[in-house]
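**Student:** Quick note on the numbering used here: the sequence shown kicks off at 5 and runs consecutively.
Keep in mind that the hints are not guaranteed to be accurate.
Simulated pairs of lysine-lysine, DSS-like, Cα-Cα distance not exceeding 30 Å [what the hints assert, rightly or not]: (1) Lys519 x Lys354; (2) Lys320 x Lys298; (3) Lys249 x Lys282; (4) Lys152 x Lys141; (5) Lys633 x Lys249; (6) Lys572 x Lys594; (7) Lys224 x Lys383; (8) Lys122 x Lys49; (9) Lys224 x Lys64; (10) Lys581 x Lys505; (11) Lys320 x Lys270; (12) Lys152 x Lys122; (13) Lys39 x Lys487; (14) Lys287 x Lys270; (15) Lys313 x Lys274; (16) Lys161 x Lys442; (17) Lys531 x Lys633; (18) Lys317 x Lys251; (19) Lys383 x Lys519; (20) Lys270 x Lys39; (21) Lys236 x Lys249; (22) Lys354 x Lys418; (23) Lys280 x Lys294; (24) Lys531 x Lys577; (25) Lys442 x Lys49; (26) Lys29 x Lys576; (27) Lys324 x Lys298.
By construction, these hints were calculated from the structure, which means they are not laboratory data. Keep in mind that this is a model prediction, so the values were computed, not measured.
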Amino acid sequence: MLHIQNVSFEFGGNYLFRDIDWFIKPRERIGLIGKNGAGKSTLLKLIMGKYDVREGSINKSGGINLGYLSQDMISEDGDQTILEHAKQAFNRALFIQDELEKLYTLMETDPSDENIQKMADYQEEFDALDGYNIDNKTAEILEGLGFKTGDLNRPMKEFSGGWRMRVVLAKMLLEEPDIMLMDEPTNHLDLPSIEWLEGYLANYPGSVVIVSHDREFLNKMINKTAELSNHKLYLWDGNYDFYLKAKVERDDLLSRQAANQSQYIKEQEKFINRFKAKASKAKAVQSRIKMVDKIERIVEIDEDKSNLKIDFKVSKPSGKVVMSLTDIQQGFSNQTLFHGVNREIVRGDKIALIGANGTGKSTFLNIIANEIDFNGQRKEGHQVISSFYAQHQLESLHMDYEILEELHYDAPHKTEMELRNMLGCFLFGGDDVFKKIKVLSGGEKARVSLAKTLVSEANFLLLDEPTNHLDIDSIEIIIEALKRYEGTLIFVSHNRYFIEKLANKVWWIEDQDVKEYPGSYTEYLYKVQHAQKQVNTQIIQKQKTKKKENKTSKDSWKQKDEQKEILKKLQKKLELKEDQLINAQNHLKKLEDQLSTLETQNQEDYVNLSKEYADATTLVNQLSLESEKLMEEIIDIE
């Protein structure tokens with residue numbers, strides 16, 4: 005479908021990658037990964053033709069179309085409504101709609117055969133393009149990405165950059181390209197929107213290439229991994245977790261092969277040096293020289309194996325109760341966000357604050373930080389030293405300072421080496437630490453601000469979306485440091501892996517309240533899903549009870565019998581589908597166990613098992629959707 009053939013890209017005298025050969029096939033789900041600066045976004049732009057291909061070629065099958073989501077694609081069409089911008093995906097249908105309106109007007113004065121035929125042709129094409137459902141399709145995608153129905157006719161300029169990015173994403177999804185290239189698609193999405201996108205992409209008929217720092221999203225979405233490393237592209241079958249395991253096996257094997265080859269070459273060179281002066285051995289020496297020259301050297305993957313480790317220290321411990329919040333009330337624009345909220349934060353808590361966009365996660369974090377006005381009582385505990393990271397904190401950076409100087413301002417007690425190690429975790433290496441704050445991008449400033457928050461030695465950290473501008477490796481380092489952190493932590497994040505690894509409590513915002521679940525994120529999800537299942541069961545039971553209580557006329561008996569028969573068939577289908585789903589989930593669990601314990605040098609075993617795992621994941625998603633649809637049909641009939 006798309007062949008990247010021997011492509012190299014050089015920037016500023018240095019090659020980002022060389023001689024890449026990659027064939028993207030139909031219906032593939034590929035995660036494009038690599039360290040910051042490896043060239044992931046550059047490669048996507050080369051594929052899209054935004055950069056010229058000077059070495060190698062990129063060949064597309066005839067008629068193939070590409071979709072591209074980039075972090076710098078925020079629309080400038082500020083006066084357009086959200087619905088109008090997303091509907092641009094249907095350019096041809098909208099053009100025909102305009103032409104038909106012109107023809108309707110023209111027909112009043114010129115009902116010629118030519119105009120009648122033109123109208124008939126346009127009408128046929130408009131019907132084929134499903135033109136009458138454009139608004140419904142567009143609204144469905146936009147609402148899936150978190151927009152409310154009332155938002156759709158508001159102008160783009162009223163929304164933040166993150167929300168406008170969602171509109172750009174919606175437009176691309178509606179265009180249904182053969183290959184979607186997505187650069188950090190989850191960056192501006194909340195958890196419900198990410199889950200909706202996962203469901204949408206699971207059944208998408210085209211191919212998808214994803215650059216993402218969201219490990220959970222990659223694991224759920226991809227069945228192949230493309231790794232940019234050491235100026236080359238390495239391809240792996242399987243999701244991100246499988247890639248990590250297989251990569252260790254690959255690197256170990258290469259290391260052993262390189263060591264064996266090096267030892268063999270040394271032995272040959274030893275022979276050559278020993279006998280090169282002897283005429284009687286000249287032929288043998290020359291033969292070995294030629295042989296050594298012909299050996300293709302095994303190159304180990306040049307990775308950063310420093311296992312960088314950092315610690316977020318606490319200058320002094322706080323009291324047992326870090327904060328008490330009593331009868332908190334807050335809202336704006338005649339909308340109440342919180343009403344009568346009572347919560348307590350205890351020393352050592354690591355709390356994930358979650359909820360759909362617009363429910364007030366960041367607002368509640370600002371209340372805890374005492375950054376905004378509210379009604380109610382906020383009582384801070386003994387010896388609490390807090391440090392707050394949020395996007396608006398970027399304004400407090402010293403624009404004329406260098407990065408290293410900025411960090412030293414907040415942590416004068418730390419050595420330059422300690423600060424450099426810290427900055428390395430936030431993707432500032434080498435001479436980058438001497439860049440002025442004023443020349444940094446928004447994402448780079450956010451990373452500096454986060455580093456300042458974490459280096460402060462506060463005993464209470466408040467973090468609002470801390471992983472947004474970090475790569476997967478950096479997120480892993482931060483997670484491990486926060487696990488060891490002896491203070492108290494509350495954070496807002498849409499990164500499920502980050503939440504699962506850190507949270508010992510989940511606070512979720514619902515019905516103007518902040519509710520608490522004392523446990524991990526996985527346990528919280530199980531509780532929510534179990535509760536939803538009970539609600540579905542209660543709905544069906546209520547419908548059955550209502551049906552028995554309702555008296556119907558004799559004329560309705562035939563219809564009731566028909567509905568009863570249909571209901572029986574649907575219930576049988578649902579039972580069968582649920583059995584299939586249980587079997588599929590059990591099979592998927594077995595495959596997960598096999599992948600986690602697989603120890604083999606045979607790459608083929610990894611490939612076959614990962615393909616089976618990807619197929620099993622798709623089947624579970626499909627059976628879940630089919631079960632939900634059957635449940636909805638049963639409820640409608642009853």
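**Student:** Each hint: holds or not?
**Tutor:** The hints, checked one at a time:
1. Lys519 x Lys354: holds, 15 Å
2. Lys320 x Lys298: violated, 64 Å
3. Lys249 x Lys282: Roughly 51 Å separates the two Cα atoms, so the pair is violated.
4. Lys152 x Lys141: holds, 15 Å
5. Lys633 x Lys249: Given that 30 Å is the threshold and the Cα spacing comes to 37 Å, the pair is violated.
6. Lys572 x Lys594: violated, 33 Å
7. Lys224 x Lys383: violated, 42 Å
8. Lys122 x Lys49: violated, 40 Å
9. Lys224 x Lys64: holds, 28 Å
10. Lys581 x Lys505: Cα-Cα ~33 Å, so violated.
11. Lys320 x Lys270: Given that 30 Å is the threshold and the Cα spacing comes to 57 Å, the pair is violated.
12. Lys152 x Lys122: violated, 39 Å
13. Lys39 x Lys487: holds, 23 Å
14. Lys287 x Lys270: holds, 19 Å
15. Lys313 x Lys274: Given pair Lys313, Lys274 is violated - Cα atoms ~42 Å apart, limit 30 Å.
16. Lys161 x Lys442: holds, 26 Å
17. Lys531 x Lys633: Holds, because 22 Å separates the two Cα atoms, which is no more than 30 Å.
18. Lys317 x Lys251: violated, 33 Å
19. Lys383 x Lys519: Holds - the C-alpha atoms of Lys519 and Lys383 are around 19 Å apart, at most 30 Å.
20. Lys270 x Lys39: violated, 34 Å
21. Lys236 x Lys249: holds, 19 Å
22. Lys354 x Lys418: holds, 26 Å
23. Lys280 x Lys294: holds, 13 Å
24. Lys531 x Lys577: holds, 26 Å
25. Lys442 x Lys49: holds, 27 Å
26. Lys29 x Lys576: violated, 38 Å
27. Lys324 x Lys298: violated, 70 Å
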